[in-house]
Amino acid sequence: MRHQRISRLASRAWWSVSVLALAGVLVVLFGIFWFVAVRGVPALRPALFTTVTSGVAGGLENAIAGTLLLVGAGLVLVTLVGIGTAIWIVEYAPPRAQDVSRFLIDVLAGVPSIVVGYFLYVVLVEGLGWGFSLVAGAFALTIVMLPYVVRSSDLALSGVPQALREGAFALGARRATVLFGVAIPWAIPGMLTGLLVATGIGLGETAPLIYTAGWSNFMPSLAPTHSPVGYLTYVVWTFISQPFPQAHALAYAAAALLMIFIFLTNLVSRSAVEYWSARSRRG
Amino acid sequence: MLQAPDREDQPLMYVTTTKNAPEPSVATKLQIERLSVFYGSFQAIRDASLEVPENCVMSLIGPSGCGKSTFIRAVNRMHDLSPDVRVEGKVLLDGANIYAPGVDPVTIRHRIGMVFQRPNPFPKTVFENVVYGPRIHGIGNRKKLMEIAERSLRHAALWDEVKDRLDKSALDLSGGQQQRMCIARVLAVEPEVILMDEPASALDPIATSKIEDLIGELQRFYTVVIVTHSMQQAARISDYTAFFLMGELIEIGTTTEVFTKPKDKRTEDYITGRYG
Amino acid sequence: MNNLTQRARMQPVLGVGTGIAAFASAAIVFLILIFLLVFAWPAIRFNGSGILTGVIWNIGNQYGSSTVTHNGVTAQAGASFGGLVFVFGTIATSALAMVIAVPLSFLVAVALVYRVPRKLQPLANTLVELMAGVPSVVYGLWGIVVLVPWVGNQLGPFAQAHLSWVPLVRGETGSGNGLLAAGIILALMVLPIMVATLRDVILAQPPTIFEASMALGSTTWQAVTRAVFPSVRKGFLAAVLVALGRALGETMAVLMVCGAAINQFPSNIFQAVNTIAAVIVSQLDSALTDASGMAQRSLAELALVLFLITLVVNVVARLTLRGADRSAQ
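Residue numbers (this note's numbering), protein chains in the order written: chain A, 84 to 366; chain B, 19 to 294; chain C, 664 to 992.
Just chain A, with the same shape it has in the complex:
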């Protein structure tokens, strides 16, 4: 039948289109990786790690330190708040409050990070007069990372088999004992994955930091407020629009460093998941 021949040809044609689409996306993706590698890696001179930015040249020491400091501080905060939130949602919240908090966390995940940045600018930088600072930047990253950490920890804790909990309770254990002795150890791989995903996101963020951390050519001072902090993504954004080759080299180097950091985070999170799941399989 003619119609069947057409269907057959259409099927083949569409599958070809779909495989081509996949190939095309992969080509663009590898194109981006290649582009960053080819331009960024040669720009990675050792001096970058030991000198600070000056004007549109110099090194990236301040930006690397700033990025690590901001993400590190954000991670500490988000671990406390995010995992705390997840524990409350799973272990303590009444069902209705569970639904509401999950919904609000999901909504927070959808809030554009620039809005978060401007909100903190209004409240902390201007309102409380902290100025561009480490704490304001760390808060911004915390809010941006929070939904990922809550969601993954929530999933991990909710996934603890009921039988495991009941078994512990049946032995006379109290809630906190069950939580720390049974539930959290079981959920650690999931929580860790969430934290690592959040780290990747924190490393790559720019928009919420512009209005909170500001930018500084100097090494971060560790003062919590009134002292702006530089970070790598800022370098990529501003230095590529400068008309100087040294500035471009810095932008490429910063981009390459970011990609390397993010690859490493991804690698660590994969091996951590494998390690933990292998461990829990062994029992």
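The set of hints was computed from the structure by calculation and includes no laboratory data. In this text, all values refer to a predicted model and were calculated from it rather than measured experimentally. Incorrect hints may appear among the rest.
[Said to hold, decoys possible] Computed footprint of chain C on chain A, listed as stretches where at least three residues anywhere in the stretch have a Cβ under 8 Å from a Cβ of chain C:
| # | stretch |
| --- | --- |
| 1 | 237-244 |
| 2 | 319-330 |
[Unchecked claim] Capping the alpha-carbon separation at 27 Å, the derived lysine-lysine pairs in DSS-like fashion look like this:
| # | chain 1 | residue 1 | chain 2 | residue 2 |
| --- | --- | --- | --- | --- |
| 3 | B | 108 | B | 181 |
| 4 | B | 142 | B | 161 |
| 5 | B | 186 | B | 228 |
| 6 | B | 142 | C | 782 |
| 7 | C | 897 | B | 186 |
| 8 | B | 142 | B | 108 |
Glycine residues also receive a C-beta, built at the ideal position from the N, C-alpha and C atoms.
Assemble the complex: chain A is given as a structure, and chains B and C must be docked to it using the hints.
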């Protein structure tokens, strides 16, 4: 009242009936010659050969894991969908090998329909489910589709139950109704052979007996091959029964013969309940 | 035993402590809304409906001492905070991104599920994850150096020569910075969300749906588009909405390639645009020079508008997802 399906708009078949075929009193619809099926290096079916006469019901019985489902999935080339499965041997439909080079499996599945173990309605309306096949094959006329839907649903003894909710989701039907709708969906494509893979195994006894009655009716117009785990069911509905054990076709004969005087010791053991 | 009693004593502390954490997390959304609203309030009174209907964004004369007062609120003389260009740009770039990304993500996802050999699938999934992890400034960098020149020097002239009969393509094509470049970058950035979701919901379907279609004599493509896809449509729609929310709020990559238009609309897809998110960043320096503070407050009002737009999109996405879960049961 059942009507014979209208064969007027049957598509031109890729294979035509062979002229030299012998003319027994009952024509052979399906002839399977030395069929073997491999999953990777594991051989699930060994050299099975059997013939299914036209307009009859054949049951395939045997303990679970004996390969009976694997066997019927080879008959409409469903194994083509799994890259790790290899099929050897011949399946002749009206004398032409469906595994011959150049034969399109899509055309074969059009002629040999299949009903699955669990009802698998599409998440669409009852109407859209039933006319899925005709739509796929290019019929777009709503009136024509409506005729097909009514005829198929009547034929599947479901029309009276669903005629007022054709535009409701098929997922809202009961399990038994869903399975009969899936049968109607197969009938709408107007196949010549219908394969059924334990079609009642997920249903309650009442729904099961409806499906069994339906199979009895279908036999007048179609050739039916049914896999069942229930020997009672095989005895109730089929003209012929084939017994499989560990990938081998042990015995085939009329249902009465197989159940009352089996030739093989292993068949007898199974029938009398000495296998699980 | 000592250990156990210690832990038992911790219990109320733990409940209260985690409760505070949860309350704080849940309250953030409201805090954002309230503080932006309070801070933007004078601007809301000053601008009236102009923030959504006005085309001119001008912080006014910084050097004169003259001011202008409207509704009891004072700003620099000549100030006008019309955000229509940015609202339009936000919606246009995201719409273009979705026009590209929705069909593309469908094609890519079905290719991943049905055409990539099983052994290569973990690798493919890793790539999708990595693509989602590329920072937005890196997309922007690639946009500035590779994509924009390509759009400006190759695609633009080609379109001018051969596609001038197409309404939104006709006309000046410019440097390559603009709506099209922003749309392409956004499409790439949101693609992984949709691909990963569609892949997951397809794989979560029982294979019987696919088989049922094949057994009725469909081609594999028909089985995927007519039987499998309809059963995962809601899940995909939710992913599309989440991706749309992401695109609407995306800042850096768009900022770097959009051409930063002010006070004008693009007349075709090649011309400069600006989005709310991008303008908030690019206007920071000039807003800080506004002694009356009205420019900063108007940016907060824009942030509020963006917040509300993405809020609606995300709430609809959640509700769709909930509906999808329910119908899957």
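Holds or violated: are the alpha carbons of residue 142 of chain B and residue 161 of chain B at most 27 Å from each other? Distance of about 19 Å is within 27 Å: holds.
Agreement of residue 897 of chain C and residue 186 of chain B with the hint, judged by alpha carbon distance not exceeding 27 Å: 18 Å, holds
Has the given pair, residue 186 of chain B with residue 228 of chain B, been kept, meaning a C-alpha gap of at most 27 Å? 22 Å, holds
Residue 108 of chain B paired with residue 181 of chain B [C-alpha distance capped at 27 Å]: The hint is violated at about 42 Å.
Within a Cα-Cα threshold of 27 Å, do residue 142 of chain B and residue 782 of chain C meet the stated pairing? The given pair, whose Cα atoms are some 33 Å apart, is violated under the 27 Å limit.
Are 3 or more residues of the stretch 237-244 of chain A near chain C, judged by a Cβ distance of less than 8 Å? Since 0 is below three, the answer is violated.
Does the structure keep residue 142 of chain B and residue 108 of chain B at a Cα separation of 27 Å or less? 37 Å, violated
Can you tell me if the stretch 319-330 of chain A counts as covered by chain C, using C-beta to C-beta distances under 8 Å and a minimum of three residues? Since three or more residues must qualify, the claim that chain C covers the stretch 319-330 of chain A holds, with 4 doing so at under 8 Å.
Checked against the numbered hints listed earlier, the structure breaks hints 1, 3, 6 and 8; every other hint is satisfied.
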